[in-house]
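Undergrad: Sequence:
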Amino acid sequence: MARITPCLENGKIARFCAHQGSGVAHGSTEFIVIRGRPGITDTNFAYYLTQWEEVRDYAICQMTGTSGRQRVPIDSLDYLVVPVPPLPEQRAIAHILGTLDDKIELNRRQNETLEAMARALFKAWFVDFEPVRAKLEGRLSACNAQAGWQPGQSLPGLPAHPACAAAAGAAGRFYDLFPDRLVESELGEIPEGWEITSLSEYSSLNPESWTKRTRPKQIRYVDLSNTKWGRVESVTNYEGDDAPSRAQRILRPLDTIVGIVRPGNGSYALISDEGLTGSTGFAVLRPLRRECAEFVYLAATSRENIERLSNLADGGAYPAVRPEIVSATHVPRVSQELINRFSQQVSPMIAGIAGNDRESRTLAQLRDALLPKLISGALRIQDAEAFLKERGL
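Residue numbers (numbering that gives the first Met the number 0): 0 to 392.
Quick caveat, the hints were computed from the structure, so don't treat them as lab data. Please note: incorrect hints may appear among the correct ones.
Straight-line alpha carbon distances no greater than 27 Å define the calculated BS3-like cross-link-like pairs of lysine-lysine that follow [to be verified]:
(1) K102 - K11
(2) K372 - K102
(3) K102 - K122
Make a model of the complete structure from these sequences and hints.
TA: Written as structure tokens, this is what we have:
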């Protein structure tokens, strides 16, 4: 459990799980380490106990020190009285809550895989130009084993096909969208006939903003601090008059948001929900066509581009770049047909990520609702198990 504010207020509580071959690790003195007592307290139950709002609120009230860097004294929890049910019931509570957390973790891992697949495809087509190189190296004779391809085997940027004839037709149509050779440019090798342009050709920058007159009565606010590496981790609800002054950017599904303050922090995401408002600390890129959405997102948020933005940031304590710098990200100018084909391949992956995120938010809300009732004894174990079973969990 984090000792320091605002970490504790933001719920910086984690469970250490030993990796293979290791049962010991070292943590910062800014943590209070909590461990169950053998035969008395289950360690997993102790973890969920720290997640209980009453425990966190108590810890926050114990903070001492100067404003902004207050800490919870390590021995302060010695004086907190909490309900501790018998050990079997502790384990049952931890199992119920752990079932929800396990599903959230599974969704997170699936999303990592889906995003890695989408980024690998973008890199293969538009950075490394693998289809062009395949043509150059003679890897396109669909039924010729000597050309290095067998039926059912993957071609660069295409899924494996079950039959040779079908593969030949699909591959031929796909590779016709790419030139036959690479040529030198000011940015290195690019396919012949292609040019270098910017994301401004595929998206509009900061297209909509609220004014004092148009600002709605309710604002669902997305801030930089709650947007990390492709995920909007939380949304804060405000009355219109109480919202931060930076809550101005109107966000719509398929907008790409990229943090321009300390861009190296990775405050970026692809918006999937309606009715959100973003901070002016974001550059908002709205695709000019639906099919451009994935291309814009993956180009603007590639590791190389985030590093570029970070290197260009200046401004002392809060280094930043202008939104126009994000919009000026270099990309190849390609045909709409190729953009469409890329969207067809990648959009199911991106949609899967958004679906998993929505499910995880629902599961987290369910866990947070069950936790205090199970810990306090207000909800019986049997009732909670039946409740989860009804939902297929």
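Undergrad: Indicate, hint by hint, whether the structure satisfies it.
TA: Structure-based check of all given hints:
| no. | hint | result |
| --- | --- | --- |
| 1 | K102 - K11 | holds, 20 Å |
| 2 | K372 - K102 | holds, 21 Å |
| 3 | K102 - K122 | violated, 30 Å |
The structure does not agree with numbered hint 3 stated previously, though it agrees with all others.
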